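Protein chains: 2
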Amino acid sequence: MTTIYDVARKANVSAMTVSRVINNTGRISDKTRMKVRHAMEELHYIPNFMARSLVVQETKILSLLITDITNPFFTTLARGAEDAAKQFGYRLMFGNSDEDLDKEKDYVDMVLSTRVDGVLFAPAGDGSLTHLQKLAKHNVPFVIIDRTVPGVECDTVLGDSRTGARLLTEHLISLGHRRIALINGSSQVSTARDRYAGFVEALKQSGLAPDPQLSAETGYKPIEPRELLSRWMALPAKPTAVFAANNFLAIGVIRCLRDMGLSVPEDVSVVCFDDLGLESAINPFLTVAAQPAYTFGSMGMQLLIERIRGEAAPEYRSVVLQPELIVRRSSAPPRS
Amino acid sequence: MTTIYDVARKANVSAMTVSRVINNTGRISDKTRMKVRHAMEELHYIPNFMARSLVVQETKILSLLITDITNPFFTTLARGAEDAAKQFGYRLMFGNSDEDLDKEKDYVDMVLSTRVDGVLFAPAGDGSLTHLQKLAKHNVPFVIIDRTVPGVECDTVLGDSRTGARLLTEHLISLGHRRIALINGSSQVSTARDRYAGFVEALKQSGLAPDPQLSAETGYKPIEPRELLSRWMALPAKPTAVFAANNFLAIGVIRCLRDMGLSVPEDVSVVCFDDLGLESAINPFLTVAAQPAYTFGSMGMQLLIERIRGEAAPEYRSVVLQPELIVRRSSAPPRS
DNA sequence: CTGTTAGCGCTTTCAT
DNA sequence: ATGAAAGCGCTAACAG
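So the sequences go chain by chain: C and H. Under the working numbering, the first residue of the first sequence is numbered 1, with each subsequent residue one higher. Under the working numbering, the first residue of the second sequence is numbered 337, with each subsequent residue one higher.
No wet-lab data here; the hints were simulated from the structure. Be aware that one or more of the hints could be misleading.
Computed Cβ-Cβ distance ranges for the label pairs, DEER-style [what the hints assert, rightly or not]: (1) 30/C - 394/H: 33 to 41 Å; (2) 475/H - 227/C: 51 to 59 Å; (3) 267/C - 394/H: 53 to 61 Å; (4) 138/C - 345/H: 16 to 24 Å; (5) 378/H - 237/C: 58 to 66 Å; (6) 562/H - 215/C: 40 to 48 Å; (7) 544/H - 324/C: 23 to 31 Å; (8) 542/H - 1/C: 51 to 59 Å; (9) 25/C - 378/H: 37 to 45 Å; (10) 30/C - 646/H: 41 to 49 Å.
Derived DSS-like pairs (lysine-lysine); straight-line CA-CA distance at most 30 Å [stated by the list, open to error]: (11) 137/C - 103/C; (12) 137/C - 439/H; (13) 134/C - 439/H.
For clarity, every value in this text was computed on a predicted model and none was experimentally measured. C-beta: ideal position from N, C-alpha, C; glycine also.
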């Protein structure tokens, strides 16, 4: 492994001079700069960033902690985050918590021991509070994306889940639906609570009473909620529409309904939060409240980097991104 | 920042003893181990992995270099890679080359200066040779996934592009298509060459002559090849089917066709390599040669880690994963 | 079983 | 404009 000293020897200068050439600091005569440059090339020298990190106390590594890169929302978000990180000269690590606080804890410990300069964090739930506090205690800047955590003060990039849920529900009501079922993420997750609130708000505004029987909380992970749907569809007053709180759930719901011999939207309408990626490119089917996923990532990264650089004002900033209702084929008037 | 020395002082032992407790090396009496553990907890001590890296010459960081995390194939591959990395105690960085050799070069330099322990590499093209040689010269182990690079010897995890292309083409021929157009990735990419070969092979086997007019090379990135399709569809002997060499291209093709007032598959059949992620979950439309993306990632990671640990045999290993033909609605017999 | 010394590759600080 | 010394936080190698 060739070091700065090898270069120094070859160029007949001190290590310090080489360091200055690499980092463009201090004054160096053009002649020595050239000498050093040549020596570096001849030796194929590559600076050891980790050694530098140790003394300057910054790694230029950032961490992106999400629930599942496989969810198109997070896929695109990750791309936005990586693009922004790269632009500012940071490397990006990532981890999938799978909505699991234990996994999340492991990642936080990893992140801490890696001494990353900051974390872009999509919390698994309210229980993430501990993890965030730990980051704070160790002076690791972080920005929360997608979900809030009660008790945590920091920069945030959030979607307006309540409005999105309201739009989706109002849309179903305007089509004539009166019995709408909700399959939701864990109530330990802020977006699930907000989506529930928006859902109820829209119902009440139209004089409809939310039916506790038609409200379930399965979590955001991909599942096929067979039993739940059987139960619902066996009800005397069975639902004519299902509001799935995220894309994964919508897919599970649709598959189950079809397995039960029911078609969407003829028998049951289905709408959800978040788009489906490529799906919507050729066979737009699901009516969704789409969120600007890329911006979640790039904007979050920007806030994070400004915070790290100390360019941010002391007050925390909160960016709220609006969802867009996209009406497609999965929602239609109920059978009369 | 609390260090190993702070812990040592608090526990009335030497730094070395603390180090041994952390790494579970050497013999330590239970009593001192306990003393040290307590001191660590009281001080909220977190080992500095980067400092350790400097002396043990390993960072426990791996790098995943792909073309675009947004492509469902790479999304799932990334998940497989991350899961495997985590399982073996590695952190994972990632970067998107966008099929661009210049971008790729920047990432390789980043990776080198970060002193990662290894790289899982999906080359942008044959020109990646230089980058791979650079990694090799600096003794960074790497495993190539998805694409080969002529002149590079290393562990690989590949798909059988030729067979996949053959299956897809044979399928179209068996439906009765005689004029099949190919829209392909750059011929600088091994999979594009292999897919072309499989395509031609299937045609010839059925006594069909590949028509150079019906073969185009646009690259794998998402585009809407409007002009190309106009040209093709204006031909006296216009194609009745299009073979898109990847999912992004298929989407672009379908959108253009529809814009032109043509429907798939009634007017033109479309098939492609790689599946579309969530798309296929609810509205399976595209006939595809699907590849086991998750396995590409997890298997690649496994080979990489074995290589790093020196557990691998000196000969390089090559895993070839078979694609699966999934016939769906986008392909049908040509209009008679 | 535990401690001392030296050094990983680099930069900060102070000299010159 | 350049260099020498010290140290970032940790562990290998040796000593006891």
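Against the structure, the hints come out as follows:
1. 30/C - 394/H: 33 to 41 Å: holds, 39 Å
2. 475/H - 227/C: 51 to 59 Å: The hint (51 to 59 Å, Cβ to Cβ) holds, given that residue 475/H and residue 227/C are roughly 55 Å apart.
3. 267/C - 394/H: 53 to 61 Å: With Cβ atoms ~58 Å apart, the hint holds.
4. 138/C - 345/H: 16 to 24 Å: Given range 16 to 24 Å: holds, Cβ gap about 20 Å.
5. 378/H - 237/C: 58 to 66 Å: Hint holds: Cβ distance 60 Å, inside 58 to 66 Å.
6. 562/H - 215/C: 40 to 48 Å: At 47 Å between Cβs, range holds.
7. 544/H - 324/C: 23 to 31 Å: violated, 46 Å
8. 542/H - 1/C: 51 to 59 Å: Hint holds: Cβ distance 57 Å, inside 51 to 59 Å.
9. 25/C - 378/H: 37 to 45 Å: holds, 39 Å
10. 30/C - 646/H: 41 to 49 Å: holds, 46 Å
11. 137/C - 103/C: OK: residue 137/C and residue 103/C at ~20 Å, within 30 Å.
12. 137/C - 439/H: Given that 30 Å is the threshold and the Cα spacing comes to 37 Å, the pair is violated.
13. 134/C - 439/H: violated, 36 Å
Figure legend: structure checked against the earlier numbered hints; hints not met, in rising order: 7, 12 and 13.
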